[in-house]
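> Protein sequence lines correspond, in order, to chains A and B. Numbering follows this note's numbering, in which position 153 of the first sequence is assigned residue number 153; successive positions increment by one, without gaps. Numbering follows this note's numbering, in which position 169 of the second sequence is assigned residue number 169; successive positions increment by one, without gaps.
Rather than coming from a laboratory, the hints here were simulated on the basis of the structure. Note that the Cβ used here is the ideal one computed from N, Cα and C, for glycine as well. Honestly, I wouldn't trust all of these hints.
What the hints assert, rightly or not - Once the Cα atoms are required to be at most 25 Å apart in a straight line, the calculated DSS-like pairs of lysine-lysine come out as:
{"#": "1", "chain 1": "B", "residue 1": "K12", "chain 2": "A", "residue 2": "K226"}
{"#": "2", "chain 1": "B", "residue 1": "K226", "chain 2": "A", "residue 2": "K12"}
{"#": "3", "chain 1": "A", "residue 1": "K357", "chain 2": "B", "residue 2": "K48"}
{"#": "4", "chain 1": "B", "residue 1": "K357", "chain 2": "A", "residue 2": "K12"}
{"#": "5", "chain 1": "A", "residue 1": "K226", "chain 2": "B", "residue 2": "K226"}
What the hints assert, rightly or not - Covered stretches of chain A (in silico footprint by chain B; criterion: 3 or more residues with CB under 8 Å from a CB of chain B, positions within the stretch not fixed):
{"#": "6", "segment": "51-64"}
{"#": "7", "segment": "114-127"}
{"#": "8", "segment": "280-286"}
{"#": "9", "segment": "297-311"}
{"#": "10", "segment": "355-364"}
The lines below spell out each chain.
Number of protein chains: 2
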Amino acid sequence: MSDLPSSEQIEKIIEAIESEQNLDSLQDNLAEMHPVDTARLLESLAPKQRPVVWLGLSDEDRGEVLLEVSDGVRDDLLQNMERRDLVNAVRNLDIDDIADLIPDLPDEVLADVQFSVDKQAKLGLDEVLSYPEDSAGGLMNVDAVAVRGNITMRVVIRYLRLRGELPENTDQLFVVDRRGRLIGSLHVTVLLTAPPNERVGKLMEREPVTFRAMEAQDNVTSAFEKYNLLSAAVVDEQNRLVGRITIDDVVDVIRERADHNLMIRAGLDEEEDMFAPVIRSTRNRALWLGINLITAIIASWVIGQFEDTIERLVALAVLMPIVASMGGNAGTQTLTIVIRGLGLGTISSANAWRVFKKELLVGGLNGLIWALVVACVATLWYQDLGLGLVIAIAMIINLLASAMAGVVIPIMLHRFGVDPALAGGVALTTVTDVVGFFALLSLAALLLL
Amino acid sequence: MSDLPSSEQIEKIIEAIESEQNLDSLQDNLAEMHPVDTARLLESLAPKQRPVVWLGLSDEDRGEVLLEVSDGVRDDLLQNMERRDLVNAVRNLDIDDIADLIPDLPDEVLADVQFSVDKQAKLGLDEVLSYPEDSAGGLMNVDAVAVRGNITMRVVIRYLRLRGELPENTDQLFVVDRRGRLIGSLHVTVLLTAPPNERVGKLMEREPVTFRAMEAQDNVTSAFEKYNLLSAAVVDEQNRLVGRITIDDVVDVIRERADHNLMIRAGLDEEEDMFAPVIRSTRNRALWLGINLITAIIASWVIGQFEDTIERLVALAVLMPIVASMGGNAGTQTLTIVIRGLGLGTISSANAWRVFKKELLVGGLNGLIWALVVACVATLWYQDLGLGLVIAIAMIINLLASAMAGVVIPIMLHRFGVDPALAGGVALTTVTDVVGFFALLSLAALLLL
Numbered sequence: 001m002s003d004l005p006s007s008e009q010i011e012k013i014i015e016a017i018e019s020e021q022n023l024d025s026l027q028d029n030l031a032e033m034h035p036v037d038t039a040r041l042l043e044s045l046a047p048k049q050r051p052v053v054w055l056g057l058s059d060e061d062r063g064e065v066l067l068e069v070s071d072g073v074r075d076d077l078l079q080n081m082e083r084r085d086l087v088n089a090v091r092n093l094d095i096d097d098i099a100d101l102i103p104d105l106p107d108e109v110l111a112d113v114q115f116s117v118d119k120q121a122k123l124g125l126d127e128v129l130s131y132p133e134d135s136a137g138g139l140m141n142v143d144a145v146a147v148r149g150n151i152t153m154r155v156v157i158r159y160l161r162l163r164g165e166l167p168e169n170t171d172q173l174f175v176v177d178r179r180g181r182l183i184g185s186l187h188v189t190v191l192l193t194a195p196p197n198e199r200v201g202k203l204m205e206r207e208p209v210t211f212r213a214m215e216a217q218d219n220v221t222s223a224f225e226k227y228n229l230l231s232a233a234v235v236d237e238q239n240r241l242v243g244r245i246t247i248d249d250v251v252d253v254i255r256e257r258a259d260h261n262l263m264i265r266a267g268l269d270e271e272e273d274m275f276a277p278v279i280r281s282t283r284n285r286a287l288w289l290g291i292n293l294i295t296a297i298i299a300s301w302v303i304g305q306f307e308d309t310i311e312r313l314v315a316l317a318v319l320m321p322i323v324a325s326m327g328g329n330a331g332t333q334t335l336t337i338v339i340r341g342l343g344l345g346t347i348s349s350a351n352a353w354r355v356f357k358k359e360l361l362v363g364g365l366n367g368l369i370w371a372l373v374v375a376c377v378a379t380l381w382y383q384d385l386g387l388g389l390v391i392a393i394a395m396i397i398n399l400l401a402s403a404m405a406g407v408v409i410p411i412m413l414h415r416f417g418v419d420p421a422l423a424g425g426v427a428l429t430t431v432t433d434v435v436g437f438f439a440l441l442s443l444a445a446l447l448l449l
Numbered sequence: 001m002s003d004l005p006s007s008e009q010i011e012k013i014i015e016a017i018e019s020e021q022n023l024d025s026l027q028d029n030l031a032e033m034h035p036v037d038t039a040r041l042l043e044s045l046a047p048k049q050r051p052v053v054w055l056g057l058s059d060e061d062r063g064e065v066l067l068e069v070s071d072g073v074r075d076d077l078l079q080n081m082e083r084r085d086l087v088n089a090v091r092n093l094d095i096d097d098i099a100d101l102i103p104d105l106p107d108e109v110l111a112d113v114q115f116s117v118d119k120q121a122k123l124g125l126d127e128v129l130s131y132p133e134d135s136a137g138g139l140m141n142v143d144a145v146a147v148r149g150n151i152t153m154r155v156v157i158r159y160l161r162l163r164g165e166l167p168e169n170t171d172q173l174f175v176v177d178r179r180g181r182l183i184g185s186l187h188v189t190v191l192l193t194a195p196p197n198e199r200v201g202k203l204m205e206r207e208p209v210t211f212r213a214m215e216a217q218d219n220v221t222s223a224f225e226k227y228n229l230l231s232a233a234v235v236d237e238q239n240r241l242v243g244r245i246t247i248d249d250v251v252d253v254i255r256e257r258a259d260h261n262l263m264i265r266a267g268l269d270e271e272e273d274m275f276a277p278v279i280r281s282t283r284n285r286a287l288w289l290g291i292n293l294i295t296a297i298i299a300s301w302v303i304g305q306f307e308d309t310i311e312r313l314v315a316l317a318v319l320m321p322i323v324a325s326m327g328g329n330a331g332t333q334t335l336t337i338v339i340r341g342l343g344l345g346t347i348s349s350a351n352a353w354r355v356f357k358k359e360l361l362v363g364g365l366n367g368l369i370w371a372l373v374v375a376c377v378a379t380l381w382y383q384d385l386g387l388g389l390v391i392a393i394a395m396i397i398n399l400l401a402s403a404m405a406g407v408v409i410p411i412m413l414h415r416f417g418v419d420p421a422l423a424g425g426v427a428l429t430t431v432t433d434v435v436g437f438f439a440l441l442s443l444a445a446l447l448l449l
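The whole structure should be built from the sequences, with the hints applied where relevant.
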């Protein structure tokens, strides 16, 4: 793969733009670049630097780039584009890709796009747009090639020769009856290897994996992975073929989902533009910090109930973050495992109790181990065995609590339809902070003073 | 997709096994289940429950299931299998799949497997095994169909008919010269639509995306995504065709990578078996907790330097977790964005400075906002304007520090070849804890006492 534009090459272009030198060769470089790389380049640039690149792109490349860039950068580009340029960039894309862009397009551009595509494409676009964005119908393209079951392989091949080029990623043709209802599929490899006189109906796969247009995208991605599909038919309520989904779009969904999971764990907007205006980024992240502030104040309030205790034994103030932090870390481990299990479907009500017991045991054991270590540290530090004992008990209590919270919180959130990846971490650390501080301080008040 | 075995079905099986009732119908259910679902079922069961399912599987299903289960469960299954059963399960798999399993197989089984596959397969297996697991060669299969460039479409089709079924996911044939060197590729759709008398050499794609066998898998996955590939040729140093990589294996790599990222952030073993023995899970997680304990002790030590200050103004002990926790959360947001940018290649030395400046601004602004809020809370709580002022300044300092750490730490780790997802979080919270505690307590010592 010596052809892949290396990241060094992109780095050089960025350097040229940063220093505003050697911009002459930029045009040539851009023409050779793959839209995916151009999208990465645009994401690497500050908004005010992007026009240098953007203006150097052809209409076709612009359309592809709009599909590839992150949401934040796309908004930035769309806002600064002439309406006519925008229509030119979008109208030559595949129907499913236009449908993906449409939620972000200004209304008047949308009308122009629908006006400028041909009639066939307009029908297809209407079809795709009639389904929710995250359904199988929203993901499909309308380029499925259909044949009838009663013709021979020879006739199919003759038809394909007349038709010319096949749509990208065509691994199978779909077999329909007179009313357009799906009755099977015919792999192109079968077409190549089967006797020319055999009929389609005899050699077709009779029950290909098929999606209803309203099917959730999660089911589509897991079926593609499970059955190693390259494409699959999408049918409407009457089982009529309305389109097909191809693996490249499924890969995009998988990638976006993984990205989404990583981002929301830190309370970030799904696709924050790395160089969005400072004000916008600040606002995007402030909400999350505000939520965390509330939980931090709750924990502080718990400490506040023990001011007298701390005044009389200031070592507690020194040691209390250790108990809270160990609980937070152990709890996050449990939480991660449970969220993953819920996502994969390996945790359900049938075995949740078993998960709970196991995590409690692991939490208790790790609590014991680290309680011993921390007890030694505290005893040596403050020459106070009682203090060592108290912090050890608090540690065990908090690691047990963190195990329980790590199992119960995500399962409850999941049951109430809240994504546990989003809210699970905050809820968990609130519990481990509160329990950690309370256990240590109340035990100390009870036993040491 | 009414055919997909629903999670409820799996739940019912788990319930049956848990209650040890209705086990009669288990056998029938298992025979109908897809290996992916069987793998999920096994992962949902405790080790001692797994034999009920495992013993009910055919040799073929067992091989597929071994491929699909997580590493932890696979180890468990392999350890409890008869050597002969193991050989039977493995030997009928695809060459690339056997190669994937081999690192986990006991040595004597490996010899038996190599002995029991046919000579052709053994050669292929040796070829795949000669490359590192995470290289293109380690990912490839050896089932590429090759044709010569000087023959016509008609001859190719006749050859394919004689050959019979094509390997799964065959979207292109590879064109080689007399010495087996790759000179192009021929899409099966071209074969279907081109005139029968045209020669392969004329219609083939002359520069198909191709990987050297030693190419890193990351480059393979990004090229598959970028170019929407279904398959690609793998060649050796002499440009001879040695195999091909198909999209289904690439999807597996993408999925595993995403999973890996989520797990190591919490310091978890990549594929911890949810029901592994308690002792093993405890040990797996203890190391991470130990590392965190060290960082917690460092933060405590900083607090310890200010015992006098806290004794005189115990409100500091109450408020200090707020400053530390806000820094940790803001820093994690920056860290997540920078790790993502490093992974995508949108952050490089060319624009790192710009990222740094922006994050510093966002951190400073959010510091200002939340410093104001916290100052009000603290002033009202303790009726002490001085205290409110001190915590406000400490908050701004810590959010600036968290922004710097969130940019610098992952970039440094990345440069030294350490995965920032693994160590970044711990390093960051150490910084934000230390800076948070130190800023608040030292300012208080200086200004309030």
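> If a hint holds in the structure, say so; if it doesn't, say that too.
Going down the list of hints, with the structure as the test:
Note on B/K12 and A/K226: the hinted pairing holds, with a Cα-Cα distance of about 21 Å set against a maximum of 25 Å. At most 25 Å may separate the alpha-carbon atoms for a hinted pair to count; B/K226 and A/K12 meet this at roughly 21 Å. Using a Cα cut-off of 25 Å, the hinted pair A/K357 and B/K48 holds, with the two alpha carbons roughly 15 Å apart. Restraint check: the Cα-Cα separation between B/K357 and A/K12 comes to about 21 Å, which is no more than 25 Å; the hinted pair holds.
Of the pairs offered as hints, the one joining A/K226 and B/K226 holds, with about 23 Å between alpha carbons and a cut-off of 25 Å not exceeded. Counting residues of the segment 51-64 of chain A whose CB lies closer than 8 Å to any CB of chain B gives 0, so the stated coverage by that chain is violated, three being the minimum. A stretch counts as covered by a chain when three or more of its residues have a beta carbon under 8 Å from one of that chain; for the segment 114-127 of chain A and chain B the count is 0, and the coverage is violated. Counting residues of the segment 280-286 of chain A whose beta-carbon sits less than 8 Å from any beta-carbon of chain B gives 4, enough to reach three: the coverage restraint holds.
Figure legend: the segment 297-311 of chain A, annotated as covered by chain B; annotation consistent (8 residues with Cβ-Cβ distances under 8 Å, at least 3 required). Under a criterion of three residues with beta carbons nearer than 8 Å to beta carbons of chain B, the stated coverage of the segment 355-364 of chain A is upheld, 4 such residues being counted.
Comparing the model with each earlier hint shows violations of hints 6 and 7; every other hint is respected.
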